[in-house]
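Enquirer: Read top to bottom, the protein sequences are chains E and G. Heads up: take any position in the first sequence, counting from 1, add 2, and you land on my numbering. Heads up: take any position in the second sequence, counting from 1, add 2, and you land on my numbering.
What the hints contain is simulated information worked out from the structure, not anything from laboratory work. Note that this is a predicted model, so its numbers are computed, not measured. Any given hint might turn out to be false.
For chains that are exact copies, the list does not tell them apart, and a pair is met inside one copy or across any two.
Claimed, not checked - Distance condition first, Cα-Cα at most 20 Å in a straight line; then the derived SDA-like pairs of lysine to any residue: (1) Lys104 <-> Asp214; (2) Lys104 <-> Gly128; (3) Lys104 <-> Thr91; (4) Lys104 <-> Pro211; (5) Lys104 <-> Leu78; (6) Lys104 <-> Pro55; (7) Lys104 <-> Thr125.
There are 2 protein chains.
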Amino acid sequence: MIQNASLPPQFDDAFRARLLELFCWRRDVRRFRGDPLPPRTLERLIEVACLAPSVGLSQPWRFVIVEDARRRQAVLDNFESCNAEALNTYGGDLSVRYAALKLAGLREAPCHLAVFADRQTGTGHGLGRRTMPEMAEYSTVAAVFSLWLAARAEGIGMGWVSILEPVAITAALDLPADWRFIGYFCLGYPQMENDSPELERLGWEQRRPAADSILRR
Amino acid sequence: MIQNASLPPQFDDAFRARLLELFCWRRDVRRFRGDPLPPRTLERLIEVACLAPSVGLSQPWRFVIVEDARRRQAVLDNFESCNAEALNTYGGDLSVRYAALKLAGLREAPCHLAVFADRQTGTGHGLGRRTMPEMAEYSTVAAVFSLWLAARAEGIGMGWVSILEPVAITAALDLPADWRFIGYFCLGYPQMENDSPELERLGWEQRRPAADSILRR
Numbered sequence: 003m004i005q006n007a008s009l010p011p012q013f014d015d016a017f018r019a020r021l022l023e024l025f026c027w028r029r030d031v032r033r034f035r036g037d038p039l040p041p042r043t044l045e046r047l048i049e050v051a052c053l054a055p056s057v058g059l060s061q062p063w064r065f066v067i068v069e070d071a072r073r074r075q076a077v078l079d080n081f082e083s084c085n086a087e088a089l090n091t092y093g094g095d096l097s098v099r100y101a102a103l104k105l106a107g108l109r110e111a112p113c114h115l116a117v118f119a120d121r122q123t124g125t126g127h128g129l130g131r132r133t134m135p136e137m138a139e140y141s142t143v144a145a146v147f148s149l150w151l152a153a154r155a156e157g158i159g160m161g162w163v164s165i166l167e168p169v170a171i172t173a174a175l176d177l178p179a180d181w182r183f184i185g186y187f188c189l190g191y192p193q194m195e196n197d198s199p200e201l202e203r204l205g206w207e208q209r210r211p212a213a214d215s216i217l218r219r
Numbered sequence: 003m004i005q006n007a008s009l010p011p012q013f014d015d016a017f018r019a020r021l022l023e024l025f026c027w028r029r030d031v032r033r034f035r036g037d038p039l040p041p042r043t044l045e046r047l048i049e050v051a052c053l054a055p056s057v058g059l060s061q062p063w064r065f066v067i068v069e070d071a072r073r074r075q076a077v078l079d080n081f082e083s084c085n086a087e088a089l090n091t092y093g094g095d096l097s098v099r100y101a102a103l104k105l106a107g108l109r110e111a112p113c114h115l116a117v118f119a120d121r122q123t124g125t126g127h128g129l130g131r132r133t134m135p136e137m138a139e140y141s142t143v144a145a146v147f148s149l150w151l152a153a154r155a156e157g158i159g160m161g162w163v164s165i166l167e168p169v170a171i172t173a174a175l176d177l178p179a180d181w182r183f184i185g186y187f188c189l190g191y192p193q194m195e196n197d198s199p200e201l202e203r204l205g206w207e208q209r210r211p212a213a214d215s216i217l218r219r
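Okay, chain E solo, but in the shape it has when bound:
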């Protein structure tokens, strides 16, 4: 085994307390200020994302920085269509509550990032993907979440838009049809900060105790 020359870092209680604050204050942001991020910010955050674990070191993540106004408009159109269809699936009080939610910051966010996973990549020689090909997507989500945390640590908000049709978005961005669409992300400075989800504050759903999601076998 080759030993690394650097000494492993020792994380202390103070760091762990700040890390917990980061987890608590990381939000899905849909209300952005319009001012741009500093130059090269997104590229720098993507470098952090690439430190994420990937199955067999396959690095299947594909980051698509979307700047073209017509492509952004196509994504917004798809969101609005999907969101209108989603609204139609709710009845009564849920319908009223759904209509009042702001579910994306596509119009205001200065940065748009689409993320895909390439299941077909030869990188990693298929290791760990034979029985679970979906590991390509899962690795990519770990990269996305790394980017999200690193962004929040710089005061930058991120919002995950999933009310979209993957096939339509892949086509609108002129990308290979066999890439898996993971999500469309808005980034920018948030209008406000909070340590509770907006969906909870607006009464859509409540957070459950962690114990409710634990089983023993």
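Start from chain E and add chain G according to the hints.
Expert: The following block gives chain G in isolation, referenced to the frame of chain E:
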């Protein structure tokens, strides 16, 4: 909009530097010491995992702490069978290199955790999952990765085992057949620490520059 009473934390350069170290030194660990984690550690880490974002606040993650020796053995048996089949798919030099890899720490790790996503959960009222039902799995991966980072910040290593058949693991653990198997995780104190992937050090694959995974549209 309800404003939160707590003041948002201000993260500084020192914290960001430590966070970057955490991303750099988080490893997929397959070589564990045998000593147990302190009592309640896993439960505490699961509480951190539940701070992750989830689509529509659906909290679809299901954490299964596996302690029963026969169930652990069934998982190990399935891993060994899948790993032998995977080895057969490689020829020549890759076959020799694959056989030399240690791809799981199932025998040594004191803690075993299986994680599933429940696509059918009514929590969140389906918001954000209509066009992308796979968001349940993606939310669960964000929770897994939060747990992983929080563990590493305490000096605890985690390894993701994907060389398993999801249907066999779900059955071995007597869980609902419609839950999606995300991964099987070993946790414990690592025998060594490193800031580069073992698959890279052993010559299986190399890390690529982040720029290679960036496209513009």
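Enquirer: Give a verdict on every hint.
Expert: Results for each hint:
no., hint, verdict
1, Lys104 <-> Asp214, "neither (28 Å within a copy, 34 Å between copies)"
2, Lys104 <-> Gly128, "between (40 Å within a copy, 16 Å between copies)"
3, Lys104 <-> Thr91, "within (17 Å within a copy, 49 Å between copies)"
4, Lys104 <-> Pro211, "neither (26 Å within a copy, 36 Å between copies)"
5, Lys104 <-> Leu78, "within (13 Å within a copy, 46 Å between copies)"
6, Lys104 <-> Pro55, "between (32 Å within a copy, 16 Å between copies)"
7, Lys104 <-> Thr125, "between (39 Å within a copy, 19 Å between copies)"
The earlier numbered hints that this structure contradicts are 1 and 4.
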